[in-house]
Every structure is written in C-alpha cells, then in structure tokens.
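Trainee: This is what each chain is made of:
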Amino acid sequence: MPVTLKSIDKILSSFSSDNQMNIQLERPASALPSDGVLSQPKVKPPNGKIIKLLTERSHDVSNSFLEIPHAIMYLNMVRDSDDNDAKEILYKYPSKDSASKLHAIHGLFVTLGDMLHNITDSRITGTSLLVGEELLHVGYFKWCSELLVVALPAKNASQHQVQCITQQIAKLMNFMFLSLNRAFDDEANHGRLDHLFNLLMFQLLYKRDNMDVGLKGDLPHYQDIFLQMLPGIRWLSLPDEIKLDIDSTITDFEAADFADFSVQHYNDRRPYIIIGSCLLYKGYLLSSHLPTEDLLDIGIYCNYYSLNGLATHQTVGQLVIWREVFPTRRVQPMEPSVHGYSEPQARWFLLIVGLEHSALCVLLEAGGCAFPAIGTVFPDPFYVDQLRATLLHLDSLKVFAACEERLSVPPIPALSSVDWFFPSRKTSGLELGQPPLPPSASSSPMISRLHGQSPAAVRGRKPSDLRPFHRPPSPSAGTSVHVDSDNESEPTSPFPSRTNSSQSSPSMGRRSDLQRRGSDVSAESTGSNEIYRAGKRTRLVPDPYNLGMMQRVANDSSVDHFSATKLTAGQDNTLFHFVHMDSATGIIVCPTNEDIKFLGGSIHAYLLQNFQICCKEIRRVLQRHLKSNREDEQLKGIPGDDSLNTVQEYGILFKCTPPNWTDAKKQPPAVQYWVVGRLVKISSTIKEFYVCYQHSTCQNTIEMAFKLVYGEGPLS
Amino acid sequence: MAAHLVCLTNEGGVPLFSRSSGSAKPLAFAEQGMLYGVQMFAQNHGVTLQTTDTEESKVVWRVFHDSIVLVLVQGDDGSSHVHANTLLEHVFQTMVMYLGLDTISRLRNIERLRRDLRVCYPVIDSLLEDVHVFDSICETVEVVSTTEVASLQEPLESFVTECDSTFGCVHCNGRLLVATPKWWSLSGQEMMLLCRFIRSLPKNSASDIPVYLPHASPKVPHRLISVHLLSGLVVSVLCLDVPTLSTVQSKLIETHWLPHFETLKGCLRASVTNIPKTIPIDPGILGFLVINTEQHKCISSCELPIVEGSMAERRPLTVQKRRRILTSFYRNTVGSIFSVIHSPERKDPSGDRPSTFLHAAEETYMNALDHKCFAINSKDFRLFAIFSSAVPHHAVRYVSLQFLENLKKDKAFTDLREKKS
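From first to last, the protein sequence lines are chains U and E. Take any residue in the first sequence, note its place counting from 1, add 205, and you have its number in the numbering used here. Take any residue in the second sequence, note its place counting from 1, add 460, and you have its number in the numbering used here.
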C-alpha cells in the first residue's frame, strides 16, 4: 500500500502487536524525493517502528523478557534538602514491574557511588548482587552529579560486559544528545530512549536466552559477545580494484563539486559541508573517510539501533536516517588543539541512507564555512538524493556484487574447522555443513590426508592465487609459489603472501576483460606445472580446506574465486579463528559470519564460543597495559596492583574433546588449541590481535598479525 | 597491596575491629558505618550485596553465620573476586581458630569480644600484607624443600608420641618442614592458618595456647604447644590435657631434638632461599610456585640466582618484584582461567564462579616487557613460573614442562605424606 509521510503513523498504529509481518519498503518511482524521507525529527522516534518490526518479532518477545530482572536508570546523586520534590530517578527503564526491586534500591547505587569515591578515590564501575536467587551485574557511569546505572542478569552478560555496555550507552547518549543530562532529563526523549533500550534488551536478553537451546543453530550471535565490546567496526577486505572504485566514488561525492552542489545552484552558501562518510555493507565496513572517533560514534549508533542486523537480514528498499549529533571528537576533545586552528562553532548532522544491504553514513557540518543552521533542521532532499545516487553508482560499478561474492567465497585467510582435526566421527561431516573432502581420505586423520595428496588435486589448486593475475607471468612468480606452499622450512616474508591474497582475487576487471582472462589461462598451465615441480622438490601441503573448496568451485560455472593465504606457520593450516583490532583506524578484521557458516562443524561452534569468552579475559589483562600507558599520575586512595601492566602477549592452551562423548571405555580424542591475545605497537598506535590455532608448530603472533592486516584498512 | 578490612556485627553494625595495610589510611568511623549501611540496606530489600568495583579497587562484603560482617576494600589487580573471598574466609576462620565458632556465631558480650579479638590481629595483618609466602592465596601450606627432611621424620614421630598426641610438626621460617601423617590430614586452610599462627608467636619462646581447628573441631579447643628450637624453627604439637608445657620444655625437647641439632641448622639455612637442591633448574627461571593440589601443599622460591653474563642480568628483577608478579599472575590465572580448588568445607557465594569456559584450560602464559610467565594445570599439580624476558617464547613451555616433571619425581615434595600413611 502506498505510504506517505502523513499516513505512515496511521498505518503503523493500525497493526496490532500480535501480528507478525514483513515490511518491505519501496519507493514509488514517480514519487518526489521528499516522500522517501521517512523520518523527520519532530515526527515519532526516527526509524523506530520500522526497525522494531523488522528486527525479528520484538513485539512477541517484549513480554517474555519482562520476567528477567534488568534495569537502566539515571540517578541524581545530589539530594537537595531544600527541594523535597527533586526527583532522584531521572529516568528508568523498563517502566514496568520486573525492575521494581531494582528501582526500589536505587538509593544503594547512589550511596555506593558516592561513598566509594571518597574511600578509594576512584570512580565506581560495577557491582554484583543477588536478587533472590538470581545474580545480577550492575555497571555504572558517573557524570558530574548524576549516575547512569545498568543492571543485567549474570547469565546474560558478564560483569565486564555490563561495564562495557554502560560505557557504550553513555557514549551513545553523548553522541545523540550532547550530554547524559540532556538525554535523560528531557521527558520528551524518554519514548525514544525506551525504544532504544528495548532494542538493546532484545539483543541481550532474548537472543542470548534462546541461544542455549541449539548451540549450533545461530552461530553469528556468538561472535557478538566479544566483538560488540571492542571499539571498532568489522571490516570487509576487498580486492584493490574494488576498494579503489569505492574510495574514488565516495571521494567524488565528498568533494561535492558537481554542478548541482555548487553555490550557483543554491544561490547561497551551501547548507552543509561533508566532514566524511563511511560505507557499510551488511554491517561490514567497506570504506571510511571519517576521523576514527567519528567512525566509532557512528559504529555504536548503527549497532545499538540494530542497523547492522537490519542490513544483514533484510533487503532495505530505502532507509533514511537524519539526526543532529554531537561527535565525541568535537564535544569532548581528547587531543590538544593545534595552535592557530580551532574547530568551528557548528552543528553536526548524521545522514544515513540505506539501499538494499548497503548503507552510506555521512557526517555533515552546518556552520563554519557552511550556512549556519538555526532551529529544527530537516534533512535536505538534495543530499539524500546525492547519497542515494552514490549508492546506485556504486551498485552499477558492481561493488555490492563483489561484496556478495567476497562473502560467499571461502575464508581469507584460510581457516580450518576444528572438526577436521578429529580422526573419525560417527556423524558425517557433510551433514554438518563441512566442505566435502576427498572420499578416499575422509576417514583417515587429517595429517595423512595432507600427505596423500595426488598431484592432480594439487594442480587444481587455485593457480590464480599463486600469481598476481594482472601481471604477465614472470620468473618471480615461481618463488612466490615456493614461499606460499612451504611456510615451515623457511619463514615466509609476509609481503609476498599478502600480495597474493590481496591482489589475486576475482574481480570486476577480470570479468570484463576477456583478454586478461586469456593470459590468465596460460598462466594457469605454467603455474600448475611449477607447483607440481615445487611439490617434488619440497613438501607441498595443500590444506583440506582448499581441497574442499576445489570441489565446490568445480561445480561452479565461474572460475573466479578469492584466494586464500595461510597465516600459520607449519605444514597444516592450523588457524581456527582470529580477531584483529586497530584502534588507530577503528576497524576490526575477523572472519565474516559467512566464513563461519562455511566452515561449520559442531565442535567448531563450541570452540568459537570458547574463543569469545577467553578473549574477554585476555583483553581484560591487556587493557591494563593500555591503561597504564595512558595514566601516569599517582592516585591517592587505594592504588591497584601494577605487576602485570607490561603484559603484551597472553595465551591460553585449551583441550577440546567432542561434546556428548558416550563411549566410556575409550578416551575421547582431543585437540589442543591456543587462544592468544597480543598487543602490537607500531609507533604510537596499538593494535590488538586475538588468534586461535591448533597446538602444533610454535607460532609467532606478531608475524601473523602483520601478514593478516598488511595493507588492510581505510585510506589514511 | 593496600587494603582495608572492617569487621562488624551483622545485627546493629557495631564495629568489632578494622585493619588497614599498605599505604592505606585507616578508615574513618563514618566510612565503616556506611560500608555496613549499604549492605544492610540491600539486605532489608532482599538483595545480597556481594562486590563492587571501582577503577582502582574493589570492595567485597561477606556475612558469616548471620553474626559477623566482613568488608574488604582492596586495590584491584584485575583478579577474580574469588581471591578476595578467600581472604575473607581466612580472616573469619582465624577468628574461629582463636575464639571458637560458638563465641563468634552467638554474640553475647560485644565489648568483651572486641577485646578478645585483638589476639587475632597479628595473623589477620599477615594475611592482609603481601608476605613472602604464597600459602594463603592458594589455600595450602608451603613446605621447605630439602633432602634433610627425611631424617627428621623419625624424631618428630617419637616426640609427638611422647606428648601423647598424633598431631605434630616442625615449622621453619613460616614454612612447614616436617609433619606427622595426622597433621597432613588437616585441611589446607587449617595447616596454613596454624602455620601463620605459629609464625606470629614471639621469637625464641615456648607457648601453650588453646586453638580451635576451623574445620576439624571448631567448637572444642585443643592445646597447641610450640617451642622454638632455633630462631625461626618451631616444633609444635596439638594435645589434650597432658603433658604440661614445662614437662615438654624440660624433659622432651632435649632428648628428642638435641641429637639432630646439625640437621635442623641445615634445614634452617635451606629454608632461606628454598631452592630445591636435587632438581636441575633452568637458569632462565627466576621464580616458581608449584602446588600439589591433592596434598594441599605448595613450594615456591623467588630467589633463584641470575646467571652471570646472561641477558637477564642486564635488567634484573628484584626478588620482591618477582614475587609480586608471580602473585599477580597466580591471582589472574586461578579463578578466571584455571578453576579454583577450595577446601571442601568452603561454601562460596555464587558470585565468584570463574567464567565458564567450554573447554578445559591446560596451560597459559603471559609475555611482558621485562618478564615471561608460564602456568601449567595438570591433574594434581599446578606450576606457576616466572622467566627472564631473555628466554625465547618457545623454550618457556618446554622448560616449564620439564621442570614440573622433575619436581613430580622429586621425593622431597611429592612423597611427604604417602611414606608415612
């Protein structure tokens, strides 16, 4: 049915909450641009109901988690004796019963916050308490004389996690409303906040609660436990050509120098200047031209408003979000200002335009050299259209098709599923979604599988990734083959292998350029010969992952596929999982959800879950290192212990056995694996690298981190 | 580490005592009252307040037997709350050890109790301070590793028998040197607290003090007779009515211990650095802590010499620093990575469950700028070792495994109990 700005409220309110429905939004071709703008600052919470309806039946579940004790409160810590009416609870969520007990003891949180500051001379961060039988964790964020309190059940979130969520909420409130006080004091905001926290609680309480039922069911959410706590956005690595396409398109847009954007068109100063923009696809960051702080702000915004989940699961006809924001970088500057320059007094606006699975987020500035904004500011249809045009242009460059292709190919760098390392299992691997293995080898342990490869299988192995396809075959390609296939005998220089993975991928260029393909075919034949020879000379160990992939690719009409680099040293590819976070650029590089689905495996699901829990612990320790670097001043009260403040690498060895092992007589087979966290310091920036690999060859985490992210990330 | 400990009555919140350690200023009366007040407020609303963290410290509340509230404010080292709970448990059991569970759980005369509790201060203070032994954090008794121990078993047994008892032991500089099989049957916490108790006795004295055993007999006291044989070397025996202290001093000591004077002196010397002589130790190891979880005992040394001319010599870690690092490493590992092994009697609040890993953690390491740490969690043993940063990462694991293997074979550490039982 046609929806206009005027009728949308009526239509949405006509749905009763029991109905389940799918909403697909589509803009009529003939409509004026302003009709597509669904959200207006004065009308309803922006995008509220739409997202709520789209994110998986939140109506049905909103009642089911009311039983679980949880609360978000904003408390006034100063009791004015003259004014008895002064409210102590400035905001509370949920407004219904479940938190009544927590609301009743709000005085406890206030007293704790106040008293402990006096005793220990440091700010309160968290509390654990038992309500009845249920253990709750409480996180605090103290701001001036007010206290933000978040309480969640221990089985849904750990103490550390609750503290992180509290920090993030505070950050988001500052980003959206300038300060916590402005966010919570104004009752007009409360509906909006209720909605936001509904979304949050839905993610935290409902999804996790239903997770225990089927562990192998909904894997991607397991990732969230750790990733959501990291300050960063997940990055999707793409071939250079695609990256170039994206960046140049966005730069064109940001330059804003096309005719319609010009001063003549408006006959006035332009209303906004573009500070920067970032492009998201299914929640993965493709490109960012924003300062890191701004990117992180937008990342939290998208995350808490479930925009990432929305873009992943639904095809969005058009999404427009417009709101005034207060970027952390501008409002609470961390860095000292540069002499002779000061940021303009201005207002900032966030404009997000979504199309299908992609979203382009732009930070606009009004004031400064642009026209100053006064009063309520409405989204400018012209900018919305430009954003949309940019997205369409990107689509026409087949950028999103390439992203889709990137998500559908096997993981890069190559990953193994832990299930492959168990000798034999009663359940068939195929059922578990594991890539098919050569039938002759599927019953034997993996190592023997690796040694028993026929040259034919080897020949089939992705020649393209061994040789940068757009270069003519050259003698140097031979060395690259050697290096890639024999990491154990000589340490690989990270450079060539990275080159392999980043340059050899599929690509748009390739698809369109038949001549290039022709040369590629010829390269293929020589290349495979070289591999074969190399295989005789030294040990050549293709990993089962590649063999599985071979078969899959063989059925595919397209020969194009992304190549994989082996990150670990040693014969086998023993890499199970990794997370790399670069705090300087705010990006997280880790396997995509599709990668995890590709690997499958029931034990692997447990392993990933364990990895997440473990990384939290590791990061807690490594954070002490970061903290100690930041603050050197001596505290007066009760100082913490600093013995472990110089820890840079922290590893834990786990032993993993198949769950539900029924054979009491025999020892269950076991695989040992490491989960290692490492801080990598390069000049003044610190990167965090978390990796999970099988315990066999000793790995160098620095080298792995370097190989992984060499040349990765947004333009800087 | 700086810490405050406040003890109050659960009903009424009358302060019984308060101790502070490290650089912390003693808490004001009002602050003690507020620490109690928040807990009471929560209790009245049916909520149990367990812990609260601030950026630099943590606070733990525990109520024991509905009569005593202990509040601990401690500097945060990132470790799990389980260690703070262990400490409070130790403090409470210390009170039980001196005064008996009946006195503590049924409060009658509070003024008198407050006076009586003063005797606990030395042991409680030693628990709060960072001391040179690891016994309290791992709830085990720390032993001396020396080959001469075997020859002291015989004289101890005969001495204890003469005293009409089966519980007896010899302590050496705060570590257990040799004990009777019955003594080994006490829980790790009891042995640890008795060890602290004996260490707190005045030097070169003989004493006869009634003690309650927190788990074995919390309501009936036994006489603990302790006699200093040498400075820092104490023989103790738990007995009933006979013999009197003077009988022990005048008749039994000389006959049983004089012939072993030289051996005892040897043990005293060995206990200073506590480096096992019989086991080859890699020069990269700067300190270690090995826990025999089955027998509730541990052995540690942070005074391993630095090899001259080695890389480690360039940036040497002091013994205190090594000990602090090893303690921190232990506290950060156990409770969060490895599971906690408690005395079976201990009931913990549900709050300090370690984070639930889906797979069992077997080893862990931390590589820092100036040192490396490695820990192994095997069936009955746990090793925590600190290495020089010059030792390459891949060697650390091998050396640790080798060291633990050697130590397991060493009779002085593993066979202490089996031999006699």
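Heads up, a few of these hints could be off.
Just a few of them, taken from the derived set where beta-carbon distance is under 8 Å, the chain U residues facing chain E [stated by the list, open to error]:
| no. | residue |
| --- | --- |
| 1 | G312 |
| 2 | T332 |
| 3 | S333 |
| 4 | Q853 |
Heads up, simulated DSBU-like pairs for lysine-lysine below, C-alpha to C-alpha not over 35 Å straight-line [said to hold, decoys possible]:
| no. | chain 1 | residue 1 | chain 2 | residue 2 |
| --- | --- | --- | --- | --- |
| 5 | U | K892 | U | K821 |
| 6 | U | K306 | U | K376 |
| 7 | E | K711 | U | K860 |
| 8 | U | K870 | E | K868 |
| 9 | E | K485 | U | K821 |
| 10 | U | K871 | E | K839 |
The set of hints was computed from the structure by calculation and includes no laboratory data. Ideal Cβ placement from N, Cα and C applies to all residues, glycine included.
Trainee: Each hint should be assessed against the structure and marked as holding or not.
Mentor: Each hint, compared with the structure:
{"no.": "1", "hint": "G312", "verdict": "holds, 7 Å"}
{"no.": "2", "hint": "T332", "verdict": "holds, 4 Å"}
{"no.": "3", "hint": "S333", "verdict": "holds, 5 Å"}
{"no.": "4", "hint": "Q853", "verdict": "holds, 6 Å"}
{"no.": "5", "hint": "U/K892 x U/K821", "verdict": "holds, 16 Å"}
{"no.": "6", "hint": "U/K306 x U/K376", "verdict": "holds, 27 Å"}
{"no.": "7", "hint": "E/K711 x U/K860", "verdict": "violated, 58 Å"}
{"no.": "8", "hint": "U/K870 x E/K868", "verdict": "holds, 28 Å"}
{"no.": "9", "hint": "E/K485 x U/K821", "verdict": "holds, 34 Å"}
{"no.": "10", "hint": "U/K871 x E/K839", "verdict": "holds, 19 Å"}
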